[in-house]
Structure formats: C-alpha cells, structure tokens
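Peer 1: Once you have looked at the hints, place chain B on chain A.
Protein chains in written order, with our numbering: chain A, 1086 to 1290; chain B, 4 to 194.
Read the hints as simulated data drawn from the structure, not as lab findings. Since the structure is predicted, the reported quantities are computational estimates derived from the model, not experimental observations. Yeah, the Cβ is synthetic: ideal placement off N, Cα and C, and Gly gets one too. Heads up, a few of these hints could be off.
Said to hold, decoys possible - Simulated restraints, written as ranges between beta carbons of each label pair:
| id | chain 1 | residue 1 | chain 2 | residue 2 | range |
| --- | --- | --- | --- | --- | --- |
| 1 | B | Phe164 | A | Gln1106 | 24 to 30 Å |
| 2 | B | Ala175 | A | Ala1099 | 16 to 22 Å |
| 3 | B | Gln8 | A | Ser1087 | 50 to 56 Å |
| 4 | A | Ser1090 | B | Glu118 | 17 to 23 Å |
| 5 | B | Asn85 | A | Arg1235 | 54 to 60 Å |
| 6 | A | Thr1114 | B | Pro63 | 22 to 28 Å |
| 7 | B | Lys89 | A | Thr1254 | 34 to 40 Å |
| 8 | B | His176 | A | Thr1254 | 57 to 63 Å |
| 9 | B | Phe164 | A | Ser1087 | 18 to 24 Å |
| 10 | B | Ile90 | A | Gln1106 | 18 to 24 Å |
| 11 | B | Pro63 | A | Arg1102 | 29 to 35 Å |
| 12 | B | Leu9 | A | Ile1233 | 40 to 46 Å |
Unchecked claim - Over the 10 Å line for every Cβ pair with chain B, so calculated as not near, a few chain A residues:
| id | residue |
| --- | --- |
| 13 | Glu1091 |
| 14 | Thr1114 |
| 15 | Ile1191 |
| 16 | Thr1192 |
| 17 | Ser1196 |
| 18 | Val1197 |
| 19 | Ala1202 |
| 20 | Arg1206 |
| 21 | Asp1210 |
| 22 | Ser1231 |
| 23 | Gly1232 |
| 24 | Arg1253 |
| 25 | Thr1254 |
| 26 | Ala1255 |
| 27 | Tyr1264 |
| 28 | Val1273 |
Residues per chain, in single letters:
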Amino acid sequence: MSHLSEDQLDQIIAGERAREQAPLNEWRTIAARAREEGLIRESQSRTSVSRQPWIQAAAAMLLLVGGIAIGRTTIAIPSSAQAIAGRGTREAGSVGVSGGSTTNGITSFASVDDASATLERAASDYQRASAFLAANSSGPTTVDSSGIYRTRLAALDKVNNAMESALRTAPHDPVINQYYLATMGARVATQQMAARPVGLALRGF
Amino acid sequence: MPFDQLDLKRAIAGDERAMQRLWSQHAPHIDAVVRRLCGDPELAADVSQEVWMQIFRALPSYRGDSQFGTWAHRIAVNRTLNALRKIRRLAKLETDIEDDSALTEQDTDRTFLAESIDKAMARLSPGARAVFVLHDIEGFTHGEIGEELGITPGGSKSQLFKARARLRKLLAHLVDESIPVGKGKAHVAPV
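For reference, chain A alone in the conformation it holds in the complex:
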C-alpha cells in the first residue's frame, strides 16, 4: 500500500487552503431566514426604493404641490395674499426654467436629468420659503387656527399610519411610495405652521 509523503500531503493541503468554493446557500435563502428573524428591516428596503431618482423627483413634486395647496387653504390668509400666493406659485414654477425651455409660460425639458434637477430646486426653494415665512410673517393668527393645525396634523398622522401599513404590504409600489412621501411633506409643512407663535399669520407664498 503506497502512501503520500508528508511533503506531498502538505502540498495538497496548501492547495485545499487556497481553493475557492462556492457558498453553500443562495443569498435569498439566507435573506429569508434573516427576514424571519427581523434582522432585515423592511423600512430599509423602503428607504432604498425612495432613493430611486424618479421616486425622489415625484416626491419633490408632490411635496411642492401639497405644500402650496396647504398654504393656499390655510386659514387667516387675507384675500390680498391670494395674489401673492399666485405670484409665489408662478415663481416656484419658474425656478426650473434654467433647466429647461419655456414657451408661452409652459416649461419643457430636454431630459430626465433636467426635469429632476428642476424639481429638486423647486422643492428646495419651497422649503426655504416656508421656513422664511414661518419666521417672518406678521399679522393676526388666532388660537383657533392652532387648533385647526393640530386637527390637520392628527388627520395626517392617521393617513401616514395607513400609508406605512400599505408600504409594509407593498414596499415597492411607486404609487403608495408617492402618497407616503406626499403625506410626510404635508405633515412637515403643517408642523411648521403650527409651530408659529399665536399672533403670527401666514400671508401667503
């Protein structure tokens, strides 16, 4: 009976040590177990979905439109502010002109990147404008208006909860993601308004 020498065995062992081997399981098997144990959090998947550029763009647009709608329907807006709000809306719409072309007041875009960049700028401008108005608006606000904001916040919380529940069921659904983000945006805007001291009014934007 022949034997390998010690050197020959060491040579084989060295080869074995360096040998690449395929994983014993597929990732989906491991992931399923991890998900069962709660080690993979669905909210992370949801976050990753919302990072997709088109979702971001849609969210920015909804945030903008939702915020404007909230602003325009806010109580205690003097009628003269309607014009200001209209101007603000037009200004918000004109933000993106530098990223596209404007014909008869209608902006068109050459690419998805152009449109996305415009939306990002518009959303950013909207947020800065909201912050500015919350800090600088003057005029009468009533205690009642604070109550309305609180009521609106409570309603938005309920909507938000419903959206979160829907997202757990369908985390990749783009429509649900859009509504979720829009609700979050509206909630933030309302919080800003509710946080203003009584006695200050949002005149419009």
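Peer 2: Frame of chain A, contents of chain B only:
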C-alpha cells in the same frame, strides 16, 4: 467591492443590500470551513445558515478589534462545532482512528483532486477531521484547538498525527496522478 464601515453600519441597521455585500465577500471562506468541518454537504448547508444568522445577530458586538473575516471565521468555527456536538458527531472525539476499512475501497471518482480531498476528509472521524481542518487548513494552534474542542493540546496533536496518517493513505492514489510536489517544503501549519 470591499466591505467598509458604512456597510457595516447599514448591515447592523438591517439594510439587506449591505448584508448581502457582507455575505458575498465572506461566504466563500466562511462556508468553506463549515463544509470541511461538517464533511457532509447537506448538513453543511444547514449549519451555514445558522452560522450566518449568528454572524448577523452578533454584528452589533463587532468592535473592529480584528479583521471582520477573522471575527466571522471564529463565529463560524464555534457555531459549526456546537452544531456537530448537538448531533453527537463529536461524542467520541478522543477515540482512536481504527477504522481502516476505507483503505481497501477504491475511490470510483478520482476525476478531481478537490473531490478526492473532500471524500478523504469526510472519512475521518468527526474529531480528527475537526483537528485537521482547524490546524492544517485554518491555522489554529493546538492550544486554540484544545480550547475549542475541550481537549488537551497533546490530544489535539495526537488526533492530527492520526488524521494526517490516514489522509496519506486515503490520498495515495493521487501519487499516480502526478501531483506536483515542492521540494523541501516545510510543514506550513502552526504547531
């Protein structure tokens, strides 16, 4: 793509993509040690799942004192040995390797060197295989092996001697297949 600290934080937070990157990078080595220790591919696949769950569960405790691969490797060894203990494959760890019946068996599949090695290691007793894999392949010292397996360093050396002797017999058929052997190559594993 290397697994960095940001990925680690994301994996701890439950980010599936970060966890998958971690798994992709380390599974070949981690699963290899599991496979060698188990000796049975089906059992190894099951144990590997447990190993990876334990790695993910323990991620928050990883302090970065050692390489991530080293840290995960230690978990893999511990978890695999625990699994083997549970199924009583290490019950007779210190028993002699006396079953030489395999010496007369012809290995019908000699196509691949790797398969021959896998089969030869699978024929070792669980204890001898564990000592051989940990010492000669994974680089553990006999002291470390003794701690892992609950035996003395001397017992580990004895098991290794017997394991190597048997492997030299089980792999003898490879002599005729012109395995290139380095001249004067020293024993590479730690003592």
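Peer 1: It remains to establish, for every hint, whether it holds in the given structure.
Peer 2: Going through the hints against the structure:
no.: 1; hint: B/Phe164 with A/Gln1106: 24 to 30 Å; result: holds, 27 Å
no.: 2; hint: B/Ala175 with A/Ala1099: 16 to 22 Å; result: holds, 18 Å
no.: 3; hint: B/Gln8 with A/Ser1087: 50 to 56 Å; result: holds, 53 Å
no.: 4; hint: A/Ser1090 with B/Glu118: 17 to 23 Å; result: holds, 22 Å
no.: 5; hint: B/Asn85 with A/Arg1235: 54 to 60 Å; result: holds, 56 Å
no.: 6; hint: A/Thr1114 with B/Pro63: 22 to 28 Å; result: holds, 23 Å
no.: 7; hint: B/Lys89 with A/Thr1254: 34 to 40 Å; result: holds, 38 Å
no.: 8; hint: B/His176 with A/Thr1254: 57 to 63 Å; result: holds, 59 Å
no.: 9; hint: B/Phe164 with A/Ser1087: 18 to 24 Å; result: holds, 19 Å
no.: 10; hint: B/Ile90 with A/Gln1106: 18 to 24 Å; result: holds, 22 Å
no.: 11; hint: B/Pro63 with A/Arg1102: 29 to 35 Å; result: holds, 31 Å
no.: 12; hint: B/Leu9 with A/Ile1233: 40 to 46 Å; result: holds, 43 Å
no.: 13; hint: Glu1091; result: violated, 7 Å
no.: 14; hint: Thr1114; result: violated, 7 Å
no.: 15; hint: Ile1191; result: holds, 40 Å
no.: 16; hint: Thr1192; result: holds, 36 Å
no.: 17; hint: Ser1196; result: holds, 28 Å
no.: 18; hint: Val1197; result: holds, 24 Å
no.: 19; hint: Ala1202; result: holds, 26 Å
no.: 20; hint: Arg1206; result: holds, 28 Å
no.: 21; hint: Asp1210; result: holds, 31 Å
no.: 22; hint: Ser1231; result: holds, 37 Å
no.: 23; hint: Gly1232; result: holds, 38 Å
no.: 24; hint: Arg1253; result: holds, 14 Å
no.: 25; hint: Thr1254; result: holds, 18 Å
no.: 26; hint: Ala1255; result: holds, 17 Å
no.: 27; hint: Tyr1264; result: holds, 24 Å
no.: 28; hint: Val1273; result: holds, 23 Å
Taken one by one, the earlier hints fail for this structure at numbers 13, 14, listed in ascending order.
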